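Residue numbers (numbering that gives the first Met the number 0), protein chains in the order written: chain U, 0 to 310; chain E, 0 to 407.
Since the hints were derived computationally from the structure, they do not count as laboratory data.
Computed from a prediction, not measured in an experiment: that's the story for all the values here.
There could be a bad hint or two in this list.
[What the hints assert, rightly or not] Output of the computed footprint for chain U on chain E, the stretches with three or more beta carbons under 8 Å from beta carbons of chain U:
| no. | region |
| --- | --- |
| 1 | 30-42 |
| 2 | 342-348 |
| 3 | 392-401 |
[Unchecked claim] Which chain U residues face chain E? A few, computed with CB under 8 Å, are given here:
| no. | residue |
| --- | --- |
| 4 | Arg13 |
| 5 | Met166 |
| 6 | Met167 |
| 7 | Gly209 |
| 8 | Tyr213 |
| 9 | Ala221 |
| 10 | Gly232 |
Cβ coordinates follow ideal geometry from the N, Cα and C atoms, glycine included.
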Amino acid sequence: MRVAVLAGGRTPERDVSLRSGHRVMTSLTELGHETWVVDPADAPLVEALREREPELCYLALHGKEGEDGTVQRLLHLLDLPFTGTAPFDCEVAFDKVLAKDALRRAGVDTPAWVTIEGSALRDLGAGAALDRVVERIGLPCVVKPSRSGSALGVSFVERSLDLPAAMMAALSFSGAAIVERMIEGTEVAVGLVGATLETLPVVEIVPKNGAYDYAARYTAGATEYFSPARLTGEVAGAVAGVASSAAAALRLRDVTRVDAIVDGEGRPWVLEVNVSPGMTEMSLLPMAAQATGMSLADLCDRVLRSAADRR
Amino acid sequence: MAEFSIDRFVDRYARRTEGMSASEVRALFAVASRPEVVSLAGGMPYVQALPSGDVLEVVREVLDEHGSMALQYGGGQGHVALRERLVALMSEEAIAADPEDMVITTGAQQALDLVGKIFIDPGDLIAVEAPAYVGALTAFSAYEPRYLQIELDDDGMIVDRLEEAFVRGDRPKFVYTCPNFGNPAGVTLSYARRARLVSLCREAGVPIVEDNPYGMLRFEGDPIPALRTLDPDNVIYLGTVSKVFSPGVRVGWALAEQSVVQRLVLAKEAADLCGSSFTMLVTERYFAGERWRTNLATLVDTYRRRRDAMLEAIDETFPDGALWTHPAGGFYVWVTLPDWVDTRAMLAAAVERRVAYVPGTAFYPDGRGTNKMRLAFCYPTEDRIREGIARLGSLLTDEEQLYRSLGG
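One chain only, chain U, in its complex shape (with noise of 0.2 Å):
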């Protein structure tokens, strides 16, 4: 099949985008597709697209225009078929203040949350709001933008006179913030793949510096993953069970990674899910498919498989 892989973009994910990107062109082309990477940045996608008339596009774009459904849209109009989840439903996934809504009606645990819109505090004197924000949410809470990944400009607050500079930072990524309740406890995540979105084994993260920030992220040896998680099989199988109905809430496809945190009663909450989650050497996904014994090719292949059957 000839496979177009688009990575890169300019998003602050782009290097990472561009690592995955790599590296899935490497696995396609060794289970003998014609694959080659398209970066949006490089040439306007649409000419690049025509130029080789790719089959099918495999969507390894991180951050806004990648995941939020603009290049899906964009795919959908030239017929050209991709990996991953619909426009609208990728548009509500990268959404956190759409999907914790989509995840509650589904019945699905997320912490609970205040969104406060820029517009609010700048027109509408939300500011003045904010005391009912720490008496619904509590301290210490996680302020975070409601439309950005890695991350990025997420603040964990502790006290209430800290929480507008948290707010400034959401802010500064996007035009909404949420302010979510925190629950201490294991960070975990849980890739989904294939027709099925079939669960991978829970992986566990343990930043050494206590918070799975974007340096956590992104710096080797920042974080310790332990893969399968450190969980009894029961809490492993609810943990498992929460990314599937999440997963079917937002009507996710093909492969997505869900990422939760347990609770000390080994309760998990989902805190966001990512319809293209990273495929880095340091990403979580690859990291739980190998726990298999699933190579990073056979991910790929069968991300492929549940996208091109779908014609």
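Since the structure of chain U is provided, determine the placement of chain E on it from the hints.
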């Protein structure tokens, strides 16, 4: 149950690599490379001003006349013809030098690394101006020093603070400063402070590392004698042709007393045997003619106009409460914003509005400088600078409104 190691050598790396980590700011610069973003971040010289014919001519000359030498290894100290030529170049800034007291390095950046290598043991105290050139900090940090940070004001390093530290008994291995339109602050160390710094360090037996990449890019006012001129024995002087010719040739140098030079040469040989004979000879030929003077005058004129455009635009568009330096040369304006501004967090919003800068924290080893930013005027055109500053000004105004709305 298996602990999964993403990097199987993780337990084997040296401790000095611990500080080398992925950063959010670097990630954001990927976005800043969009053509529509006005980047006031990078300190890239405006090499387009250099007539390529002039360079081609010297390259041809080098290959015609010294081809076998240019393509061969050379000595660790660097070609003597180049060292002699650089002595002449330094005399333009009234710095006297002997070619024997000089080692050619791969940009002044390598000289910073070599200085760190020969002076710093883990845990040693070194004094740096604060803010300081980020590349100096990363070069030194590999040798695991402790930092004594000496704040700057409009007249450069506040030497009294260094004196206070000496009185307390601190004896840093050396003092690092970039006295002419320094990176990032753009300020120039006054003559009075230079004299005081030199005598203070001499008395204390502490050498000075004088980094002077921008000295020849003076827009106005009279040059101030180099620290090296005031005390040749106690100053290790670092120079480069990156800003007056090309950073692509990677030619810099260190000038120091013989005992230091010998160690630097050995350290240099251990690092890379020798610099590039080819670019050393090209550089020598470039400065042998007279055209470099015209080209440099064009550059200085360009940078002056860009600085003026930037200062004017800042003055027009930045909200009250912002303070900034007025560089008499070089590449950078340093901006101090109200305490509540976090320039690192704000960078994403700036890039979204198509303008980029370097957050202040990059220039301190300890996380200071959250309300500061470096703006470079060297690369974008005047119109782009005005546009970028206007975008930044309106962002700052909106941020202030947001801050107020959050009860600040």
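Hints, one by one, checked against the model:
Residues of the region 30-42 of chain E lying with their CB closer than 8 Å to a CB of chain U number 3, which satisfies the three-residue condition for coverage. Counting residues of the region 342-348 of chain E whose beta-carbon sits less than 8 Å from any beta-carbon of chain U gives 5, enough to reach three: the coverage restraint holds. Proximity of the region 392-401 of chain E to chain U, defined as three or more residues with a beta carbon under 8 Å from a beta carbon of that chain, is established by the 4 residues found. Annotation: interface hint on arginine 13(U) holds; nearest CB of chain E at approximately 4 Å, less than 8 Å.
Checking methionine 166(U) against chain E: minimum C-beta separation of about 6 Å stays under 8 Å; hint holds. The interface hint given for methionine 167(U) holds, since its Cβ lies 6 Å from the closest Cβ of chain E, which is under the 8 Å cut-off. Annotation: interface hint on glycine 209(U) violated; nearest CB of chain E at approximately 14 Å, more than 8 Å. Of the supplied interface hints, the one on tyrosine 213(U) holds, with its beta-carbon coming within about 5 Å of a beta-carbon of chain E, less than 8 Å.
For alanine 221(U), the shortest C-beta to C-beta distance to chain E is roughly 6 Å, which falls under 8 Å, so the interface hint holds. The interface hint given for glycine 232(U) is violated, since its Cβ lies 12 Å from the closest Cβ of chain E, which is over the 8 Å cut-off.
The structure shown violates the earlier hints numbered 7, 10.
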